[in-house]
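Keeping their order, the protein sequence lines are chains A and B. Mapping to our numbering: the first sequence position 60 is 60, numbers consecutive. Position in the second sequence (first residue = 1) + 1000 = our numbering.
Hints are supplied without guarantee of correctness; some may be wrong.
Under the rule of at most 25 angstroms between Cα atoms (straight-line distance), these lysine-lysine pairs were calculated in the BS3-like manner [unchecked claim]:
{"hint": "1", "chain 1": "B", "residue 1": "K1395", "chain 2": "B", "residue 2": "K1380"}
{"hint": "2", "chain 1": "A", "residue 1": "K338", "chain 2": "A", "residue 2": "K68"}
{"hint": "3", "chain 1": "A", "residue 1": "K196", "chain 2": "A", "residue 2": "K98"}
{"hint": "4", "chain 1": "B", "residue 1": "K1182", "chain 2": "A", "residue 2": "K140"}
{"hint": "5", "chain 1": "B", "residue 1": "K1182", "chain 2": "B", "residue 2": "K1227"}
{"hint": "6", "chain 1": "A", "residue 1": "K68", "chain 2": "A", "residue 2": "K292"}
{"hint": "7", "chain 1": "A", "residue 1": "K292", "chain 2": "B", "residue 2": "K1426"}
{"hint": "8", "chain 1": "B", "residue 1": "K1380", "chain 2": "B", "residue 2": "K1393"}
{"hint": "9", "chain 1": "B", "residue 1": "K1111", "chain 2": "B", "residue 2": "K1405"}
{"hint": "10", "chain 1": "A", "residue 1": "K118", "chain 2": "B", "residue 2": "K1081"}
{"hint": "11", "chain 1": "B", "residue 1": "K1393", "chain 2": "B", "residue 2": "K1426"}
{"hint": "12", "chain 1": "A", "residue 1": "K338", "chain 2": "A", "residue 2": "K357"}
{"hint": "13", "chain 1": "A", "residue 1": "K140", "chain 2": "B", "residue 2": "K1194"}
{"hint": "14", "chain 1": "A", "residue 1": "K140", "chain 2": "A", "residue 2": "K292"}
{"hint": "15", "chain 1": "A", "residue 1": "K36", "chain 2": "B", "residue 2": "K1111"}
{"hint": "16", "chain 1": "B", "residue 1": "K1081", "chain 2": "A", "residue 2": "K98"}
{"hint": "17", "chain 1": "B", "residue 1": "K1405", "chain 2": "B", "residue 2": "K1393"}
{"hint": "18", "chain 1": "B", "residue 1": "K1393", "chain 2": "B", "residue 2": "K1370"}
{"hint": "19", "chain 1": "A", "residue 1": "K330", "chain 2": "A", "residue 2": "K292"}
{"hint": "20", "chain 1": "B", "residue 1": "K1405", "chain 2": "A", "residue 2": "K98"}
Across the chosen pairs, the derived CB separations fall in these ranges [as the list claims (entries may be wrong)]:
{"hint": "21", "chain 1": "A", "residue 1": "D385", "chain 2": "B", "residue 2": "Q1253", "range": "36 to 44 angstroms"}
{"hint": "22", "chain 1": "A", "residue 1": "L362", "chain 2": "B", "residue 2": "N1122", "range": "34 to 42 angstroms"}
{"hint": "23", "chain 1": "B", "residue 1": "D1452", "chain 2": "A", "residue 2": "R76", "range": "32 to 40 angstroms"}
{"hint": "24", "chain 1": "A", "residue 1": "P35", "chain 2": "B", "residue 2": "N1122", "range": "40 to 48 angstroms"}
{"hint": "25", "chain 1": "B", "residue 1": "L1087", "chain 2": "A", "residue 2": "K36", "range": "56 to 64 angstroms"}
{"hint": "26", "chain 1": "B", "residue 1": "D1452", "chain 2": "A", "residue 2": "E101", "range": "37 to 45 angstroms"}
{"hint": "27", "chain 1": "A", "residue 1": "A34", "chain 2": "B", "residue 2": "N1122", "range": "46 to 54 angstroms"}
{"hint": "28", "chain 1": "A", "residue 1": "K330", "chain 2": "B", "residue 2": "K1081", "range": "27 to 35 angstroms"}
{"hint": "29", "chain 1": "A", "residue 1": "G84", "chain 2": "B", "residue 2": "S1281", "range": "54 to 62 angstroms"}
{"hint": "30", "chain 1": "A", "residue 1": "E32", "chain 2": "B", "residue 2": "S1391", "range": "54 to 62 angstroms"}
{"hint": "31", "chain 1": "B", "residue 1": "E1448", "chain 2": "A", "residue 2": "F86", "range": "52 to 60 angstroms"}
Hints were generated in silico from the structure; no laboratory data involved. Cβ coordinates follow ideal geometry from the N, Cα and C atoms, glycine included.
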Amino acid sequence: MAIRAAISDRCSKLSSSSLGARSLSSWWGNVEPAPKDPILGVTEAFLADPSPDKVNVGVGAYRDNSGKPVVLECVREAERRIAGSFNMEYLPMGGSVKMIEESLKLAYGENSDLIKNKRIAAIQALSGTGACRIFADFQKRFCPDSQIYIPVPTWSNHHNIWRDAHVPQKTYHYYHPESKGLDFAAMMDDIKNAPKGSFFLLHACAHNPTGVDPTEEQWREISHQFKVMGHFAFFDMAYQGFASGNPEKDAMAIRIFLEDGHPIGCAQSYAKNMGLYGQRVGCLSIVCEDEKQAVAVKSQLQQLARPMYSNPPVHGALVVSTILGDPNLKNQWLGEVKGMADRIIGMRTALRENLEKLGSPLSWEHITNQIGMFCYSGMTPEQVDRLTKEYHIYMTRNGRISMAGVTTGNVSYLANAIHEVTKSA
Amino acid sequence: MASTMFSLAFATPSASFSLQHNLKSKLKLGTSSQRAFSGKDFVKAKSNGRTAMTVAVNVSQFEGITMAPPDPILGVSEAFKADTNELKLNLGVGAYRTEDLQPYVLNVVKKAENLMLERGENKEYLPIEGLSAFNKVTSELLFGADNPVLQQQRVATIQGLSGTGSLRIAAALIERYFPGSKVLISSPTWGNHKNIFNDARVPWSEYQYYDPRTVGLDFAGMIDDIKAAPEGSFILLHGCAHNPTGIDPTPEQWEKIADLIQEKNHIPFFDVAYQGFASGSLDQDASSVRLFAARGMELLVAQSYSKNLGLYGERIGAINVLCSSADAATRVKSQLKRLARPMYSNPPIHGARIVANVIGIPELFSEWKKEMEMMAGRIKSVRQKLYDSLSVKDKSGKDWSFILKQIGMFSFTGLSKAQSESITNKWHVYMTKDGRISLAGLSSAKCEYLADAIIDTYYNAS
């Protein structure tokens, strides 16, 4: 094998040199530079740009109308209460019990029977990424012959996650470029044509990167077809509260599946809806047949976490449980989440109106039809490159605009730039 | 489309849907808000005597999953918590306790947190490689701020999820770039090392380390096994305060180990989880790593701040790869990031900020060094007290001085698995089954009790 040959080659070179004098040869000669992460690489490039006009609509991190990161007031208050009053001992491997309890209520409903009957195996996870990764590893370990069906397009890291977990991937139709909406017919075909009992990754709300969500009726059909086919539904819910402004409403797809009796899996993240990005707080849950199975499944999830990071970080979990466990703070949070969602909805309207006022020949309805942090603009990679080079506007090359980065201050600049690069399309 | 759905529903053998269900589907398609049937109806629905699909839907894909065994280390604390006996003593997990057996948040940590609170910093995502201020100070703490390897930019450092996470990323790097290469781990070693390499699919084997006859290092055995390993193996070494034995090589032995590793073209892989906790001096505890670095060797080092800064639950550590060139370090760093991204995207910010402040602010750093000496000092004095109690109570003349020779948080008592279980059942002393006790969990007030328990168990339990 090439690498073995390289090693023995290097070994023979090294053994001929004297001890301590082998500073020129390296073990790492065959390590290529990794490609830049398509999403996080955008921010790096943005930070390096000296232009005063630069706009970052790349990564999905919320910004206020001045383009500044936001720490929610409820979070600041929670931190004041936490500071100095707790030690930093290891959490149990499964994470903060309180945080998990509150997370399940959010996702499954306050009065969920599944919660009452202790049928949900759940662990605290390293935000959405960590929840997906542990699930992917779990799927590999206990359903080793299974594959994962991933929508086209999806958040790029989904592919990395299931790949590194060694779970083969298939795709299903999702985005319809012509209408810039959902390709429902093709999606349903793919669901029906997949082998029975396949695993599907679904975005619970505010699909990333398209912002295109199924309607309620469409979700019901999807759920029905999943029953027919015996498919497993794994929901990635990274934007609960952020899509419509109402967490209950944003959990609708999950509630439909639960009503229909599906034993789902769910990844939750507090990165966006609580602004806890860097704290890495989330939750992975799997619905089981009964309490006994839930205990067994949870123990196996912990078994996967232990050799990855032993136990999850405590700080963010404390913030979440403090907020969700206190009715006043929770209400404050709900108000702040709605505020963020409303600002984004307002910017969608503004961007669309600006483009229409500029006399763009294209339709920009999709900007306000789509939901959540992202807008799939329909721009080509070449058009995106022009936006970056000529206008210092940073976004991912798939044409995804993070609406959270749009402000009243930059919306007309942005609209103008988009118009310029697309008007002759 | 509706008709396609229905015909398929009838065609599929395992799906049996009653007419009610089809009706429901029609209603679903028609209106947005009507819900004619609730989920409960499906549990009752049957057709043609076949079990309804709904029952099949409630059967889990994960039917055959059995209960995982309790973690041998973290499971001990869980068992301890459940014990109601007031004499109980938790010598399981290596978490530092004060003389009152309380967890300890270092003063410098509280000060750093207050600073952070005042500054009101945001909580944005860190880059995949973590907080750059943290990465800078952690590599300086390890190699020494003046070390030429740092000036030459030959170290690839990324923030990791404490020691475990850093080891896991390194293991993933080994699996990807050295497929088939083995890691040699000491016998015994920290319980989670094997899990990490197993889950990362890196083959491993053991090198002799602990000699039960001397309750010390089996140096000859260690050398033999490292020599016998295929060229280009990774040798996992504990930088200081070996876990679980507390037995470290002497400086002369480190030199010989380095000689052999160079001769065999192996790669040294250090796990440094106790810098500062072994001798009380941060610099002295890094001397093994620095010795290897000074020879121009390439190496990997996983660091943890769980114990020395008491940041256990914050999950803060780092993986460092010292390469022979700055170019190699740049490439390696990019690949470390590529492994981290599908694991957790970017690391947690809170602990990183604390460490960056504690090490980066001179007054806090000085204060930390003193607190470190205090913690290590308490452990040394507890070792002495335990040794004294054992020597007085044990009339057989057995030499318990290995307790004084061992270093760091742990002591390897020499108790067997059965004896470790017995001491728990009879004396409510919680420890890991390999005979390891965490002195960090022992108070001087409890030394006599523990001495009684150990002597009774050692001589009377099978």
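Verification of the supplied hints:
no., hint, verdict
1, B:K1395 - B:K1380, "24 angstroms, holds"
2, A:K338 - A:K68, "18 angstroms, holds"
3, A:K196 - A:K98, "37 angstroms, violated"
4, B:K1182 - A:K140, "24 angstroms, holds"
5, B:K1182 - B:K1227, "13 angstroms, holds"
6, A:K68 - A:K292, "47 angstroms, violated"
7, A:K292 - B:K1426, "30 angstroms, violated"
8, B:K1380 - B:K1393, "20 angstroms, holds"
9, B:K1111 - B:K1405, "35 angstroms, violated"
10, A:K118 - B:K1081, "22 angstroms, holds"
11, B:K1393 - B:K1426, "19 angstroms, holds"
12, A:K338 - A:K357, "28 angstroms, violated"
13, A:K140 - B:K1194, "19 angstroms, holds"
14, A:K140 - A:K292, "22 angstroms, holds"
15, A:K36 - B:K1111, "37 angstroms, violated"
16, B:K1081 - A:K98, "17 angstroms, holds"
17, B:K1405 - B:K1393, "20 angstroms, holds"
18, B:K1393 - B:K1370, "34 angstroms, violated"
19, A:K330 - A:K292, "32 angstroms, violated"
20, B:K1405 - A:K98, "43 angstroms, violated"
21, A:D385 - B:Q1253: 36 to 44 angstroms, "59 angstroms, violated"
22, A:L362 - B:N1122: 34 to 42 angstroms, "36 angstroms, holds"
23, B:D1452 - A:R76: 32 to 40 angstroms, "51 angstroms, violated"
24, A:P35 - B:N1122: 40 to 48 angstroms, "28 angstroms, violated"
25, B:L1087 - A:K36: 56 to 64 angstroms, "58 angstroms, holds"
26, B:D1452 - A:E101: 37 to 45 angstroms, "42 angstroms, holds"
27, A:A34 - B:N1122: 46 to 54 angstroms, "27 angstroms, violated"
28, A:K330 - B:K1081: 27 to 35 angstroms, "29 angstroms, holds"
29, A:G84 - B:S1281: 54 to 62 angstroms, "29 angstroms, violated"
30, A:E32 - B:S1391: 54 to 62 angstroms, "60 angstroms, holds"
31, B:E1448 - A:F86: 52 to 60 angstroms, "33 angstroms, violated"
Checked against the numbered hints above, the structure breaks hints 3, 6, 7, 9, 12, 15, 18, 19, 20, 21, 23, 24, 27, 29, 31 and satisfies the rest.
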